[in-house]
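A.B. asks: Spelled out, the chains give:
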Amino acid sequence: MGRTMLTKRIIPCLDVRDKKVTKGVKFQNNVVLGDAVALASRYYEEGCDELVFYDITASAERRPIDIEMVREVARAIHIPFAVGGGISNLEDMSRVLLAGAEKISVNSLAVLDPRIIAEGSRAFGAQCIVLGMDPVRAEDPVRFPSGYEITIRGFRERTGLDALEWAKRAEGLGAGEIVVNSVDADGTRGGYEIRLTRLIAENVRIPVVASGGAGNPAHLAAAFREGKADAAIIAGMIHTGEYTIPAIKEELAAAGIPIRRTW
Amino acid sequence: MIAIVDYKAGNLTSVRLAFEALGIPARVTDRSADILAADRVVFPGVGAAGSAMRNLSELDLAGALREVVRRGTPFLGICLGTQIILGRSEEDGGVETIGLIPGAVRLFRPESPVDKVPQIGWNAVRLRRKHPVFAGIEDGSEFYFVHSYYPCPDNAPDVVGVTDYAGVEFASVIGRGNLVATQFHPEKSGRIGLRIFRNFSEWDGRC
Numbered sequence: 013m014g015r016t017m018l019t020k021r022i023i024p025c026l027d028v029r030d031k032k033v034t035k036g037v038k039f040q041n042n043v044v045l046g047d048a049v050a051l052a053s054r055y056y057e058e059g060c061d062e063l064v065f066y067d068i069t070a071s072a073e074r075r076p077i078d079i080e081m082v083r084e085v086a087r088a089i090h091i092p093f094a095v096g097g098g099i100s101n102l103e104d105m106s107r108v109l110l111a112g113a114e115k116i117s118v119n120s121l122a123v124l125d126p127r128i129i130a131e132g133s134r135a136f137g138a139q140c141i142v143l144g145m146d147p148v149r150a151e152d153p154v155r156f157p158s159g160y161e162i163t164i165r166g167f168r169e170r171t172g173l174d175a176l177e178w179a180k181r182a183e184g185l186g187a188g189e190i191v192v193n194s195v196d197a198d199g200t201r202g203g204y205e206i207r208l209t210r211l212i213a214e215n216v217r218i219p220v221v222a223s224g225g226a227g228n229p230a231h232l233a234a235a236f237r238e239g240k241a242d243a244a245i246i247a248g249m250i251h252t253g254e255y256t257i258p259a260i261k262e263e264l265a266a267a268g269i270p271i272r273r274t275w
Numbered sequence: 093m094i095a096i097v098d099y100k101a102g103n104l105t106s107v108r109l110a111f112e113a114l115g116i117p118a119r120v121t122d123r124s125a126d127i128l129a130a131d132r133v134v135f136p137g138v139g140a141a142g143s144a145m146r147n148l149s150e151l152d153l154a155g156a157l158r159e160v161v162r163r164g165t166p167f168l169g170i171c172l173g174t175q176i177i178l179g180r181s182e183e184d185g186g187v188e189t190i191g192l193i194p195g196a197v198r199l200f201r202p203e204s205p206v207d208k209v210p211q212i213g214w215n216a217v218r219l220r221r222k223h224p225v226f227a228g229i230e231d232g233s234e235f236y237f238v239h240s241y242y243p244c245p246d247n248a249p250d251v252v253g254v255t256d257y258a259g260v261e262f263a264s265v266i267g268r269g270n271l272v273a274t275q276f277h278p279e280k281s282g283r284i285g286l287r288i289f290r291n292f293s294e295w296d297g298r299c
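Chains as they are written, first to last, in the working numbering: chain A, 13 to 275; chain Y, 93 to 299.
Zero decoy hints are in this set.
A few chain A residues that face chain Y, going by a derived Cβ cut-off under 10 Å, partial list only:
1. 15
2. 88
3. 109
4. 139
5. 189
Covered stretches of chain Y, going by a simulated chain A footprint (3 or more residues, C-beta under 8 Å):
6. 96-109
7. 209-221
8. 231-239
9. 255-268
10. 281-292
If you're looking for bench data, these hints aren't it; they were derived computationally from the structure. C-beta atoms are modelled at their ideal positions from N, C-alpha and C, and glycine is treated no differently.
All chains should be modelled from the sequences, with the hints used to inform the complete structure.
C.D. replies: Here is the structure:
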């Protein structure tokens with residue numbers, strides 16, 4: 013065989029509420045899709061490269077993350093997974109990592125208190141700290157040169173932060189990876205927000221993950237090729253059963269995208 | 093019993109859970125006596141070479157590690173554990189490391205901005221030679237990597253498998269006698285990674 017290549021990661025996202033996976037559009041109209049650990053195990057067997065769990069109700073209800081669920085997932089799957097939502101300090105991060113998660117995703121918390129990125133990175137290593145961001149289109153080129161403003165608390169609040177500025181700042185603070193989750197594209201299944209993904213990917217030296225809007229394998233190919241993403245998050249397109257992970261991988265491999273083929 | 097060496101270099105939960113999932117008895121320990129008494133030794137690690145060497149010295153574990161390797165106990169290094177069994181590292185301004193295998197550890201210095209450092213994700217391993225720990229694993233299989241530095245053994249026979257990243261071909265698997273070491277994380281590499289642990293648990297240390 014010839015030279016080896018770092019492959020593009022495909023990451024199913026599970027929005028979890030009381031150990032059940034839900035899916036909605038723009039954080040609204042959530043429907044229950046099934047047991048979180050069972051679904052994670054299935055995607056693991058089907059060859060997903062990583063998983064991400066958002067404990068979606070944790071922040072709103074001001075309760076800590078469901079650590080027992082993290083433990084169950086860690087016993088069931090032996091690939092990296094990230095956990096987000098309900099994390100408010102280093103102690104929470106430590107509990108989640110010791111339960112078996114590989115990464116912590118911080119989003120609203122990092123905006124409200126950016127020191128958590130630096131502290132988490134120092135305590136556990138940059139590779140454990142993922143900055144999740146929810147940018148929304150903003151038509152004010154002076155305040156938002158990237159064309160996008162960061163929102164927090166499940167898209168409910170605007171922050172006045174420019175998306176690219178925030179990405180660079182988070183990198184400087186020690187984030188190991190950035191998930192760019194487009195508010196406008198989220199749940200629409202009409203394709204990722206390519207322009208912003210690329211803008212961030214070309215301006216930071218850490219991996220960038222495209223998120224929000226995946227509806228078919230061509231959307232992933234575009235995120236990797238035009239968006240310069242290192243990984244892509246998928247949700248609805250596999251949760252509904254319309255696509256399977258092997259089918260997505262087969263199509264991406266046929267399109268010449270480097271993909272993990274053995275599992 | 094397998095001893096999983098804990099020298100405060102990262103989180104050992106996933107290594108422990110991988111052996112647990114296979115039903116293979118393994119115990120996390122930071123004591124020389126446990127390492128010396130073990131049938132097999134797993135030497136993992138995530139983090140920086142400098143603090144790892146300081147922790148090893150505080151816990152006084154390097155002697156026990158040298159002894160088990162010398163007497164033929166099957167020994168598996170993982171990630172930072174693999175890097176510090178070589179002789180020296182460029183990390184933290186240059187660090188003398190354990191030196192079980194002659195060689196050095198170097199930083200990725202990519203010319204292309206597309207190649208991010210650390211390398212995070214799944215890359216393939218091309219096997220240079222057969223090894224019992226890779227029995228039943230297809231050549232070119234992918235494994236999960238997270239690292240900014242890469243191992244460079246001095247002697248070609250110590251290289252079991254190679255991987256390309258950021259313009260270099262590096263030794264992603266090192267082996268000499270009863271010692272085998274991977275730059276990737278078997279415990280995070282799915283079914284194929286677990287197969288490596290299973291093979292290791294059945295290996296007598298001979299090649």
